[in-house]
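Q: Given chain A, work out where chain B should sit, using these hints.
There are 2 protein chains.
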Amino acid sequence: MRQVAILGVGQTKIDEQWEKSLREIGGEAAFLALQDAGVDKVDALFVGNMLSPLVDGQNQLGTYFADWIGLWNQEAVKIEAACGSGAAAFRAGLMAVASGELDSALIVGVEKMTDKAGHDVTAALATAADADYEVEQGVSFVGLNALIMRRYMHEFGWQHADFAPFSINAHANAIGNPFARLHDRITVDQFEKSAMIATPINLLDASPIGDGAAAAVIVPAEKVAAIPGRSRVLVAGSSSATDTIAVHSRKDPLFLSAAYESAKKAYAMAGVNPEDINVFELHDAFSIMSALSLEACGFAERGQGVRLGLDNAISLKGRIPICTRGGLKARGHPVGATGMYQIVEVTQQLRHECGATQVVGARIGMAQNIGGSGATILTHVLKVE
Amino acid sequence: MRQVAILGVGQTKIDEQWEKSLREIGGEAAFLALQDAGVDKVDALFVGNMLSPLVDGQNQLGTYFADWIGLWNQEAVKIEAACGSGAAAFRAGLMAVASGELDSALIVGVEKMTDKAGHDVTAALATAADADYEVEQGVSFVGLNALIMRRYMHEFGWQHADFAPFSINAHANAIGNPFARLHDRITVDQFEKSAMIATPINLLDASPIGDGAAAAVIVPAEKVAAIPGRSRVLVAGSSSATDTIAVHSRKDPLFLSAAYESAKKAYAMAGVNPEDINVFELHDAFSIMSALSLEACGFAERGQGVRLGLDNAISLKGRIPICTRGGLKARGHPVGATGMYQIVEVTQQLRHECGATQVVGARIGMAQNIGGSGATILTHVLKVE
Numbered sequence: 074m075r076q077v078a079i080l081g082v083g084q085t086k087i088d089e090q091w092e093k094s095l096r097e098i099g100g101e102a103a104f105l106a107l108q109d110a111g112v113d114k115v116d117a118l119f120v121g122n123m124l125s126p127l128v129d130g131q132n133q134l135g136t137y138f139a140d141w142i143g144l145w146n147q148e149a150v151k152i153e154a155a156c157g158s159g160a161a162a163f164r165a166g167l168m169a170v171a172s173g174e175l176d177s178a179l180i181v182g183v184e185k186m187t188d189k190a191g192h193d194v195t196a197a198l199a200t201a202a203d204a205d206y207e208v209e210q211g212v213s214f215v216g217l218n219a220l221i222m223r224r225y226m227h228e229f230g231w232q233h234a235d236f237a238p239f240s241i242n243a244h245a246n247a248i249g250n251p252f253a254r255l256h257d258r259i260t261v262d263q264f265e266k267s268a269m270i271a272t273p274i275n276l277l278d279a280s281p282i283g284d285g286a287a288a289a290v291i292v293p294a295e296k297v298a299a300i301p302g303r304s305r306v307l308v309a310g311s312s313s314a315t316d317t318i319a320v321h322s323r324k325d326p327l328f329l330s331a332a333y334e335s336a337k338k339a340y341a342m343a344g345v346n347p348e349d350i351n352v353f354e355l356h357d358a359f360s361i362m363s364a365l366s367l368e369a370c371g372f373a374e375r376g377q378g379v380r381l382g383l384d385n386a387i388s389l390k391g392r393i394p395i396c397t398r399g400g401l402k403a404r405g406h407p408v409g410a411t412g413m414y415q416i417v418e419v420t421q422q423l424r425h426e427c428g429a430t431q432v433v434g435a436r437i438g439m440a441q442n443i444g445g446s447g448a449t450i451l452t453h454v455l456k457v458e
Numbered sequence: 074m075r076q077v078a079i080l081g082v083g084q085t086k087i088d089e090q091w092e093k094s095l096r097e098i099g100g101e102a103a104f105l106a107l108q109d110a111g112v113d114k115v116d117a118l119f120v121g122n123m124l125s126p127l128v129d130g131q132n133q134l135g136t137y138f139a140d141w142i143g144l145w146n147q148e149a150v151k152i153e154a155a156c157g158s159g160a161a162a163f164r165a166g167l168m169a170v171a172s173g174e175l176d177s178a179l180i181v182g183v184e185k186m187t188d189k190a191g192h193d194v195t196a197a198l199a200t201a202a203d204a205d206y207e208v209e210q211g212v213s214f215v216g217l218n219a220l221i222m223r224r225y226m227h228e229f230g231w232q233h234a235d236f237a238p239f240s241i242n243a244h245a246n247a248i249g250n251p252f253a254r255l256h257d258r259i260t261v262d263q264f265e266k267s268a269m270i271a272t273p274i275n276l277l278d279a280s281p282i283g284d285g286a287a288a289a290v291i292v293p294a295e296k297v298a299a300i301p302g303r304s305r306v307l308v309a310g311s312s313s314a315t316d317t318i319a320v321h322s323r324k325d326p327l328f329l330s331a332a333y334e335s336a337k338k339a340y341a342m343a344g345v346n347p348e349d350i351n352v353f354e355l356h357d358a359f360s361i362m363s364a365l366s367l368e369a370c371g372f373a374e375r376g377q378g379v380r381l382g383l384d385n386a387i388s389l390k391g392r393i394p395i396c397t398r399g400g401l402k403a404r405g406h407p408v409g410a411t412g413m414y415q416i417v418e419v420t421q422q423l424r425h426e427c428g429a430t431q432v433v434g435a436r437i438g439m440a441q442n443i444g445g446s447g448a449t450i451l452t453h454v455l456k457v458e
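From first to last, the protein sequence lines are chains A and B.
Taking this note's numbering, the leading residue of the first sequence gets 74, the next gets one more, and so forth.
Taking this note's numbering, the leading residue of the second sequence gets 74, the next gets one more, and so forth.
These aren't lab readings, by the way, just hints derived from the structure by calculation.
Don't be surprised by glycine CBs; every beta carbon is placed ideally from N, CA and C.
It is possible that some hints are incorrect.
[Claimed, not checked] DSS-like mimics (lysine-lysine), calculated; alpha carbons at most 30 Å apart, straight line:
hint	chain 1	residue 1	chain 2	residue 2
1	B	Lys296	A	Lys114
2	B	Lys296	B	Lys337
3	A	Lys324	B	Lys93
4	A	Lys296	B	Lys338
[What the hints assert, rightly or not] Chain A regions said to be covered by chain B (calculated; three or more residues, Cβ under 8 Å):
hint	region
5	128 to 135
6	139 to 146
7	204 to 214
8	325 to 338
9	439 to 453
Bound-form chain A, shown alone:
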């Protein structure tokens, strides 16, 4: 495989963007990434999206966006892996450029999901779970995560308040990120008293949905020199792994085996170990997922991921800074776009463009995107030269 570099990135603010269409949201991120890369043309477009057929009545998003942004005649395709769609699209683009078939690719993760509020979106999100054996029983996606969190608390003896640092850290970091949906600090007291959604998951354990798009332009590293004054970010490791789609089919529902497998391969490909990672954008759709990801990726022992929050190891100056731009919890979770927000954020950290939320001296970063309740997990390791 050819070495691939990230030449440009772009993102929109995550919000309820009722005044903008799906086209406009994805197009905005695409144009910003092309502008940042200093190019006006790419060989192909890869779009990550989960919900547009259900929520926007639109399929074929690859061509839809290629048309909108003027990439006529170029290759375009959509990739879907539930909430892991963004990173899955990035990996598909990566393979096509690494193979030598393409000399550049634009990847856009996009989701517009707030125009249909409430039940419709909850039902649409449940299509990530097993329709026959989970959803048919009436469980929602939050409900599945609640079952996992409850079991984790029981097995390892944690209290609900022990998860507070994950949400508090994410909210604190989002204040420094203009693209984040939420910009308010929260306390342990607020965390404990927020509205219950599916016991033990309450409102402040859960990430908010939103409309948004994030994008990147990738090129073969050998063909493009670094832009003067800017560190060049290389895709050093990339891997995707799966678990059973239904949570009940797993031998151990408290271990994200697909996170373990994909991280292991991505570390090996990049020639790094967990202790080399300076910044980690993980998939905190629910606070329990932060703990499980940290454990599966080698940052904590089984059942001890929560301790990293309590020990302040996850903050910007901690041992393993996570959710440095707000994470899913406070940046927001436009599901099919999230994986690309993570790639964009790690890129910005490695370029040292994050202002108040900059991890000082960051040189190696990791992004981990999860589809379903741990069913599809993609891990990317980025490095500056």
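A: What follows is chain B alone, placed relative to chain A:
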């Protein structure tokens, strides 16, 4: 890029398979392809599907099928490009194997769409068109093709009956294909008298929907010797191109520019010309699309694709045999699966396994899969060594 070979193929009969779930249909084709390839494991799974979120309430089909067929921990992803999803999944798998990242991949195109009859499926298929500027006006997918066909007849002076040979040829060939949905010969008289759907498209201009799946196992050619007694099929050319998503945005709605572009690149990559193609599985979702594909791919002048049917050039012994296993018209069109049926059929022609519908001496074949009304077009050229 590494040269890639097709090691095994499999397919289910296309039908109203109410007694089988989505899982079972895709799984059946996957197992048949693995069995045909003589392997029980692959590095990754690529699934092509368009409608499962809308019609089956299931997303994340990559992991869903990886789980069902026992590829736990392996990479899996779903690709969607409307009715071009099958070939788009094939091309994504091809890039990943060609890049050196994977040493094998299983690609499955699958669709289960007949359990929800009538309006639901028509509305779901319309998500391939432009939701804002086409579907919002009330036009269906058949309606868009009807407008194109009517304009073609007007511009080039053809009568409706002149399209009959496309449907007659497809029906005749399907009789020799046990996997085809329809097994009845039709006449010009039947063609002319069949029920009108959207003037001038009648029932026998249109392909029937269906439930079905088709699959292939691909590997680097350098790593796998030919299976004794069987020609080894190589993926010699692969390309994908797009046009505007809305038909009204095109300078010339009667020219499939994405077919022209993708065929041109696939020919160049394979080092062949149109006259070298021995068998061509094209995307005859409607009879007008056969004419337009033949023209864009260099088999006929503009407006003269219909003449190839009238001159009997499209039959098994003609200059450019098309729809040799029934085409979309008589094999059936399980939309996200169709591109993989085409790949499987060309493979079987090049292996000389097609019995009564064998194109004698076939050594080079082409498959062309279309998403939307010509919006996303993928062309693959296969060769035997």
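Q: The structure should be examined with respect to each hint, and the outcome stated for every one.
A: Status of the hints after comparison with the structure:
1. The suggested pairing of Lys296/B with Lys114/A is violated, with an alpha-carbon distance near 36 Å, which exceeds 30 Å.
2. Under the criterion of a C-alpha separation no larger than 30 Å, the hint pairing Lys296/B with Lys337/B is consistent with the structure, at around 29 Å.
3. Taken as a hint, the Lys324/A and Lys93/B pair is honoured in the structure, with Cα atoms around 27 Å apart against an allowance of 30 Å.
4. Simply put, Lys296/A and Lys338/B have alpha-carbon atoms about 22 Å apart, close enough for the 30 Å limit, and the pair holds.
5. Here the region 128 to 135 of chain A counts 7 residues with a CB under 8 Å from a CB of chain B, which clears the bar of 3, and the coverage holds.
6. Given as covered by chain B, the region 139 to 146 of chain A passes the check, having 5 residues with a CB less than 8 Å from a CB of that chain where 3 are the minimum.
7. Requiring three or more residues with a Cβ within less than 8 Å of a Cβ of chain B, the coverage given for the region 204 to 214 of chain A holds, as 3 such residues are present.
8. Coverage of the region 325 to 338 of chain A by chain B holds in this model, with 3 residues showing a Cβ closer than 8 Å to a Cβ of that chain against a need of three.
9. Remark: the region 439 to 453 of chain A is confirmed as covered by chain B, as 4 of its residues place a Cβ nearer than 8 Å to a Cβ of that chain, reaching the required three.
Hint compliance for this structure: hint 1 is the single one not met.
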